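Chain by chain, the residues:
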Amino acid sequence: MQQVFKRPVSLKDVQTHFCPGCNHGTIHRLVAEAMDEFGVRERTIGVASVGCSVFLYGYFDVDVVEAPHGRAAAVATGVKRARPDSFVFTYQGDGDLAAIGTAEIIHAANRGEDITVIFVNNTTYGMTGGQMAPTTLVGQKTSTSPYGREHAKDGSPIRMAELLAQLGGVAFSARVAVNTSRNLMDAKKQIKKAFRYQVEGKGFSFIEALSTCPTAWGVTPIQANERVGRELIEYFPLGIFKDTADWNPQSSPTAPVEQPGALPFPEFMHEI
Amino acid sequence: MSQRLFVKGNEAVAMAAIEAGCRYYFGYPITPQSDIPEYLSRELPKLNGEFIQAESEVAAINMLLGASATGVRAMTSSSSPGISLKQEGISYMAGSELPGVIVNISRSGPGLGGIDASQADYWQSVKGGGHGGYHIVVLAPASIQEMYDLTMLAFDLADIYRTPVMVLADSVVGQMKEALLPNPRPVTTLPEKGWAVRGRKEGTPQMIVKSLFLGDGELEAHNWKLHGKYDVMREKECRQELFLTDDAELIITAFGSVARIAKTAILMAREAGMKVGLLRPITLFPFPAQAFKEVTGRCKKILDIELNNGQMVEDVRLSVARDAEVFFYGRPPGAGSLPVPEELFEQIIKHY
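Top to bottom, those sequences are chains F and Y. The numbering of the first sequence is our numbering, which starts it at 171 and goes up by one. The numbering of the second sequence is our numbering, which starts it at 227 and goes up by one.
Because the hints were derived from the structure by calculation, they are not lab data. Quick caveat, the model's predicted, so the values are computed rather than measured. Treat the hints with caution; some may be incorrect.
Unchecked claim - With a Cα cut of at most 27 Å, we get these calculated BS3-like pairs of lysine-lysine: (1) Y:K353 x Y:K403; (2) F:K182 x Y:K436; (3) Y:K451 x F:K363; (4) F:K358 x Y:K451; (5) F:K182 x Y:K455.
Stated by the list, open to error - Some residues of chain F that are not near chain Y, with every Cβ distance over 10 Å (derived): (6) S256; (7) P316; (8) E332; (9) I392.
We put the beta carbon where it would ideally sit given N, CA and C, even for glycine.
With these hints in hand, go ahead and build the complete structure from the sequences.
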């Protein structure tokens, strides 16, 4: 009998604590599969952030450093500079990365740190009970925007993948989703691409993965998945915002700045 | 024998860090400590080390946390307002039992304050400046030689106790030039860093550097463990200088730069026939409580002098014999408030 589906060896054989319908488990799996495929598990150092993803070390079978809230990119910088042969990734939520950790992510990206950042955007602070995040959509009700997020008062949701693509140190920036099987397959492809950049020592790679929070959103897992396809992707388009295959920090101190959307749309963009 | 050099205190710190094997520095410019990052930005690349000018003090301390988690010797430096920003990271490092050296060439405050010599960060340094109830080792150099020697010691203590260690000085010892013997790194036996994250090889356990403990009883046990280490430090690591205390009728206590001004005043007093001595704490945490207990077994008058409104004096009062009297003299730091020896001599006359 041929085995066609198995647990990635980079993932532990344990049950997660994530709520039903949460996409963390799926995204964990995609990251672990990419780790397996590149054979980097034994030299991987993960950096856990603060939020639902804090228990990274409970699920990934790799060495892990736990960072203070928002500081994962700075911690990863220290790890990678001290151990340049290691494979370093951070795994951060949208409150962690796009609010309290904005300075750290922008400057790690701008320095072109040779790390991979997995940014999970579910438009809310899940662990603390569903408060408004910098990524919360205008009109979205949360426990701290009970009347819905207002553009005039709260600003508009930040598109991190596009924002970071502007920076010279960023080699690769893409946004993916896992709400449909096709998007999931494309997400895996982009995560592998992001990993390849680090494996080849080509600079900072960034994956924004749209995710769900049925608990905080107050919907069923199926409705949550539908919301990703209906509302999130409309504001946070899927695609590659920067892909500088031959970017070299040594030869190009002022790497060309790519405009969002300037690159040809990948095939998976047609699916929404 | 090494050659005598004529260097600034801040340079001595940087030289000692390199001699101690530190190859990773993360910092942010702030007066009066910028000579340290400037020196290391020049020297570390020659040694295949890494120097990063971070985007903030917050980022710098977290880079230190990350580098230290991999088992290397690493450091950061700053001055008071920047040290305030680092407190989050210091608390996490203390909780995660990570070694690391933090140099505070402190300046006056509160707030932006000024750049003058100040000892107003004593409380922040020794009482656990961040959240959660912890201590870090705090060393207080009073000379350029001590800036060098204590920085090297800081790296050893950090590795031995798996704790952040702070070198607490000010612009007097940071900016002043003096003779320095750049002694080679002392030979010490240091524990293996088996806890460091280096990538989990097949057949080896997963390494996790963290300060989150949610299981029933876990965090309490972790805190007892940390506080057990503080007790060992109190027993084994207290350091102080005793100067003319054997026959003293009045003992001045002061740390860092002001202890040197006090020494001059003490010599003036000795010339005038007054038996005055000095007890200078070198470790501020652990505080040399036993030394205070011993000297006040005989000498019943202690005059505490600080470049602040009275901070260490609280620990002095907790440490002296019950029948000893503790007087305090200090001025809030700022331009023009650094006392001259004559001013301290007057205080000696007043309390003798």
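Taking the hints in turn, this is what the structure says about them:
1. Under the criterion of a C-alpha separation no larger than 27 Å, the hint pairing K353 (chain Y) with K403 (chain Y) is inconsistent with the structure, at around 31 Å.
2. In summary, the hint linking K182 (chain F) to K436 (chain Y) is supported, as the alpha carbons are separated by about 19 Å, within the 27 Å threshold.
3. In summary, the hint linking K451 (chain Y) to K363 (chain F) is not supported, as the alpha carbons are separated by about 44 Å, beyond the 27 Å threshold.
4. Distance hint between K358 (chain F) and K451 (chain Y) is unfulfilled; the C-alpha atoms sit about 43 Å from each other, more than 27 Å.
5. With a C-alpha separation of about 34 Å, the suggested pair K182 (chain F) and K455 (chain Y) falls outside the 27 Å cut-off, and the hint is violated.
6. Not every CB of chain Y is more than 10 Å from the CB of S256 (chain F) (nearest about 6 Å), against its label as outside the interface.
7. Remark: the non-interface label on P316 (chain F) is consistent with the geometry, its nearest Cβ contact in chain Y lying 30 Å away (cut-off 10 Å).
8. Consistency note on E332 (chain F): stated as away from chain Y, and its beta-carbon is indeed over 10 Å from all of that chain's, at 21 Å minimum.
9. The beta carbon of I392 (chain F) sits about 31 Å from the closest Cβ of chain Y, which is more than 10 Å, so the claim that it is off the interface holds.
In this structure, the earlier hints numbered 1, 3, 4, 5, 6 are contradicted, and the remaining ones agree with it.
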